[in-house]
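Trainee: My request is simple: use the sequences and hints to build the entire structure.
Protein chains in written order, with the numbering used here: chain D, 1 to 599; chain Z, 600 to 1198.
Hints are supplied without guarantee of correctness; some may be wrong.
List time: in silico EDC-like cross-link candidates among lysine to aspartate or glutamate, alpha-carbon distance up to 20 angstroms [what the hints assert, rightly or not]: (1) Z:Lys706 <-> D:Glu249; (2) Z:Lys751 <-> D:Asp500; (3) Z:Lys608 <-> D:Glu251; (4) Z:Lys1118 <-> D:Asp578; (5) D:Lys519 <-> Z:Glu1171; (6) Z:Lys608 <-> Z:Glu703; (7) Z:Lys1179 <-> D:Glu162; (8) Z:Lys1018 <-> Z:Glu947; (9) D:Lys25 <-> D:Asp45; (10) D:Lys519 <-> Z:Asp1177; (11) Z:Lys1106 <-> Z:Glu1015; (12) D:Lys9 <-> Z:Glu850; (13) D:Lys107 <-> Z:Asp1099; (14) D:Lys266 <-> Z:Glu761; (15) D:Lys528 <-> D:Glu572; (16) D:Lys155 <-> Z:Asp758; (17) Z:Lys744 <-> D:Glu162; (18) Z:Lys932 <-> Z:Asp894; (19) D:Lys9 <-> Z:Asp1099; (20) Z:Lys608 <-> D:Asp252; (21) D:Lys145 <-> Z:Glu761; (22) D:Lys107 <-> Z:Glu848; (23) Z:Lys955 <-> Z:Glu1015; (24) Z:Lys865 <-> Z:Asp758; (25) Z:Lys1179 <-> D:Glu228; (26) Z:Lys865 <-> D:Glu162; (27) Z:Lys1127 <-> D:Glu3; (28) D:Lys155 <-> Z:Glu866; (29) D:Lys528 <-> Z:Glu710; (30) Z:Lys751 <-> D:Asp159; (31) D:Lys9 <-> Z:Asp1061; (32) Z:Lys1024 <-> Z:Asp871; (33) Z:Lys1127 <-> D:Glu572; (34) Z:Lys608 <-> D:Glu249; (35) Z:Lys1127 <-> Z:Asp1099.
Honestly, the hints are just simulated from the structure, not real lab data.
2 protein chains.
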Amino acid sequence: MGEALGGLKRTMMCGELREEHVSKKVTLMGWVQRNRKLGGLDFIDLRDRTGIMQVVLGEEINAEAFEKAKSVRPEYCIAVTGEVVMRQSPNENMPTGMVELKCEALKVLSESETPPIYIKEDLDAAENIRLKYRYLDLRRPDMQKIFITRSKTTKAIRDYLENNGFLDIETPMLTKSTPEGARDYLVPSRNYPGMFYALPQSPQLFKQLLMVSGFDKYYQIVKCFRDEDLRANRQPEFTQVDMELSFVEQEDIMAVNEGLISHVFKEVAGVDVKLPIKRMTFKDAMEKYGSDKPDVRFGMEITNITEDVRDLDFVVFKSAIENGGSVRALCLKGGADMGRKPLDKLGEFIKTYKAKGLAWIQLKEGGVKSSIAKFLTDDVTNAIVKTMNAEAGDAVLIVADKDSVVFQSLGALRLELAKQFELVKDKNEFNFTWVTEFPLFEYSEEEERYMACHHPFTAPMDEDLDFIESNPGIVRSKAYDLVLNGEELGGGSIRIHDTDLQERMLKALGFTQEDAWAKFGFLLQALKFGPPPHGGLAFGLDRMIMFLAGTDNIKDVIAFPKNQNAYCYLSEAPNIADEKQLTELGIAILPKEDKKDEE
Amino acid sequence: MGEALGGLKRTMMCGELREEHVSKKVTLMGWVQRNRKLGGLDFIDLRDRTGIMQVVLGEEINAEAFEKAKSVRPEYCIAVTGEVVMRQSPNENMPTGMVELKCEALKVLSESETPPIYIKEDLDAAENIRLKYRYLDLRRPDMQKIFITRSKTTKAIRDYLENNGFLDIETPMLTKSTPEGARDYLVPSRNYPGMFYALPQSPQLFKQLLMVSGFDKYYQIVKCFRDEDLRANRQPEFTQVDMELSFVEQEDIMAVNEGLISHVFKEVAGVDVKLPIKRMTFKDAMEKYGSDKPDVRFGMEITNITEDVRDLDFVVFKSAIENGGSVRALCLKGGADMGRKPLDKLGEFIKTYKAKGLAWIQLKEGGVKSSIAKFLTDDVTNAIVKTMNAEAGDAVLIVADKDSVVFQSLGALRLELAKQFELVKDKNEFNFTWVTEFPLFEYSEEEERYMACHHPFTAPMDEDLDFIESNPGIVRSKAYDLVLNGEELGGGSIRIHDTDLQERMLKALGFTQEDAWAKFGFLLQALKFGPPPHGGLAFGLDRMIMFLAGTDNIKDVIAFPKNQNAYCYLSEAPNIADEKQLTELGIAILPKEDKKDEE
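Mentor: Here it is in structure tokens:
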């Protein structure tokens, strides 16, 4: 049992105390980090969210407090009152290390069992234990810092946007299923049994309607939901910084967001973002980096050597070229020293990206060594070396296939090599790039039709309007992504604000007019009433915080995350539901499949 | 078809233009409010979210723009460029009424069909049409103002709380069902077919866990959900300003929130909230106002006249008193003039609150008139008049019953009379009251057990701790509500931070220990690890905005609201779901009941 506060007030926080507070009488409240006895005295390290303060207790200082302290154990919640004094043996490693508190009164506010995880930095406890006892995990100073950063970040975002005329407007959580998106979470309706709401994957349609309403500059920091199998660093519910603007073009939206990003990264992390942020077209990003989210913190760009090898009598290259593909390569500095085994491993690695194999040429001191030596001629080798700007000591790593496979595999290989050879020199660098001119459509082999690359409301580039029907594959869009260190931080587009064009777009995606109206009717209808030109962007807040807090685990930046199966170890959700409630909702639970055999 | 912006930039907003801008060249973009011809000129009232600007077009000014303007109709979205000039005939009623724009270029950005609702203030269109075309409804200046107010309000709340050390921390939306609350919205899980998440009714348990984590001061502006039959001014999803603090007592939380409310009402509405806000115990509120959310903008308090009538030979009064009830009354100033019919109507009115009837005494010029004249004696009449402080011209309205019925019926009657007789003089008054010392439990006849008045985590008052088991009905809690003009603006409590006390509380609510752990295990577990003393409060944001925006319809303050059946006319949610997806979720739709007979 603990004591009530009984009017006792906390007057300072543990981490705030310095020499200037010496001889001041203060009351601190917090948790016992550890306690130890030394020379007849009792020392308690007291922790709150600002830091740790050493509290000293003794028979001479205050006998009652000294007596009470004997029962105190780690993670007890206590209040201490006393005078701040200089420490006999200062601790230079602690911000409060010059002073200590001479404890004249101690209250145990609550006791603690031995915690199942130790509350300290850099914890290695099993993840499910950390998630089950999340409230203890969140006591760790590391975790506290992250959520202080997160709160600071949203504040900085809001301040910037609201100072720039944006209105914070809430859109519904119980809404309609999103066609063309990922899988929705459904919510059964009680008023309409057998019918369902969907939780939003993004407020896309609603924010466009707000533009039709004339709100002009909208933003929201909002929960979104996707019921997908969770890849690493995905959560079923995530937070988006969502915005939409009217009477703007792509340049205006990019300018606002450069201002936003530079404000936020400066405020929160003290980082100066160099403006304007550099830009790259989707095409360049794919050709040079094999990715629409290029990591440009290091070079080693993909280079096209198709012309150099066109006449080579090597069937792999030949058939790739003949089938409209290409031969491209990376130049790995110092790669000439790599042994056969690591090279073979790289070959295996790129096969997971559908490449058939990796050809390599090593420029060793003693001469050229190559996996395709018997096909190479000196002329071709020299041409490749020249195109690649390769030097003695380097290795040239080559893939031949259709372009999409070449880009994807070399793009992945480039990142893998950067990891292996630590090519990113400055871990604290924040390297931003806009990627623009995304394709409007991508062809889905599975669905045997074109799909929207961004979403079906994205405007095509004016120059490419005529090809929507005749050659959808080449149509570029007014879509743009902001990429940071090889990760997508956010993305958006100018939207279609014309019913006719929106209907052409939906037709190109394979919707009949009836389908289109059934699914997007309320947007198509709204576009008939004087919609303004508009566009927007959304950032993934969780990922932004990961950058700002310096963690690569999304669970670290979400207070109560779920595991890979969307399960919450803490609250044990999801859970069974009340039969009566299900009946009210007009639904029943299907018998489990593995039970079928028994029945 | 409309034109693209083509690099054209908006340079000012319609509502901003004043005499000081004369001779400046500007580009405006917005919607055509109306257009009319006069003396060979074409006048367009152009509207954006800041206001309306008159645009003048003529053959002489710019022939091309003049020609284009001929096709323009209301709600077309257009861009106009030209010089600001003084108006020939100024309009004093418009902020921009001294100037107009001489239009040198006009672009039709998009056309509009004739809108189904007229875009102006004080609209009377049918609600379902307004909701279906919500994006047009939101174009009305009245509605735009409300959402500008809403955005300003959340900004003011965030600024205040963050400047006072609060951290904005997000809690999960996909979580566990809340026992002891209203009905939850359920979300079927795909990973665990047949299992369900619940959408939160409030972040109550999670914010308490954040306190256990040491976050100290938490806040969140967060969507909450209740699947209840919608009374007027309720929505299935609503927004809460939620907070929780550690190492505090009731006084600290009230102080922070008085600061918050005074900051917000000053910033948003220019209102000076008188601090400290006055307080009233629950007991006083019930006895004087018959309500736990007393409207104290007018007097006419309930007065106990039991002692005055104790000896009267009137069975209604007698039996009420004998059964432990009471006889209480209101004094209606000027009520002596009321005719029989309106008095009978008041009698009918209070019957809906379970009162058996209304007795009245009118102090007319000529003498006393009463519905219970034959039972009254002069002495008793005089005693009542004295107790009630009644004067000639007044009416005394009396109810006798058990206390709960007396309070409820007279409380409702008091409000009804205030409406009929316009007793609230200053419609712009913001009259705040704290109501404190709520009962911890209330007895549910239906469930035949005590229920938590606030919620099961609310701390009892220290003075009443001993009665939890022996006399739960008299135990008061450390709960408090903030009431504004007779409506609950927010409420909260100090929480239990002790497992033993929490278990006693749950036991008193009828939970076995096993039940308690099954339902609240993760909170009970957390309380074992040094929880700090803590408490909090939550405001209903939607209701706060209703006050600040001066509307009494909750749908006005929610951008995309649902109707009384939780249906969205705009998106037509809820909707049918894909059979395949339901199978993945392990659920099936029950056949409709009205179909059962056919099967």
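Trainee: Does each hint hold? Answer for all of them.
Mentor: Against the structure, the hints:
no.	hint	result
1	Z:Lys706 <-> D:Glu249	holds (15 angstroms)
2	Z:Lys751 <-> D:Asp500	violated (37 angstroms)
3	Z:Lys608 <-> D:Glu251	holds (11 angstroms)
4	Z:Lys1118 <-> D:Asp578	holds (13 angstroms)
5	D:Lys519 <-> Z:Glu1171	holds (10 angstroms)
6	Z:Lys608 <-> Z:Glu703	holds (15 angstroms)
7	Z:Lys1179 <-> D:Glu162	violated (43 angstroms)
8	Z:Lys1018 <-> Z:Glu947	holds (16 angstroms)
9	D:Lys25 <-> D:Asp45	holds (18 angstroms)
10	D:Lys519 <-> Z:Asp1177	holds (13 angstroms)
11	Z:Lys1106 <-> Z:Glu1015	violated (41 angstroms)
12	D:Lys9 <-> Z:Glu850	holds (11 angstroms)
13	D:Lys107 <-> Z:Asp1099	holds (18 angstroms)
14	D:Lys266 <-> Z:Glu761	holds (18 angstroms)
15	D:Lys528 <-> D:Glu572	violated (47 angstroms)
16	D:Lys155 <-> Z:Asp758	holds (8 angstroms)
17	Z:Lys744 <-> D:Glu162	holds (16 angstroms)
18	Z:Lys932 <-> Z:Asp894	holds (18 angstroms)
19	D:Lys9 <-> Z:Asp1099	violated (25 angstroms)
20	Z:Lys608 <-> D:Asp252	holds (9 angstroms)
21	D:Lys145 <-> Z:Glu761	holds (16 angstroms)
22	D:Lys107 <-> Z:Glu848	holds (15 angstroms)
23	Z:Lys955 <-> Z:Glu1015	holds (18 angstroms)
24	Z:Lys865 <-> Z:Asp758	holds (13 angstroms)
25	Z:Lys1179 <-> D:Glu228	holds (15 angstroms)
26	Z:Lys865 <-> D:Glu162	holds (18 angstroms)
27	Z:Lys1127 <-> D:Glu3	holds (15 angstroms)
28	D:Lys155 <-> Z:Glu866	holds (18 angstroms)
29	D:Lys528 <-> Z:Glu710	holds (7 angstroms)
30	Z:Lys751 <-> D:Asp159	holds (12 angstroms)
31	D:Lys9 <-> Z:Asp1061	holds (18 angstroms)
32	Z:Lys1024 <-> Z:Asp871	holds (18 angstroms)
33	Z:Lys1127 <-> D:Glu572	holds (18 angstroms)
34	Z:Lys608 <-> D:Glu249	holds (9 angstroms)
35	Z:Lys1127 <-> Z:Asp1099	holds (9 angstroms)
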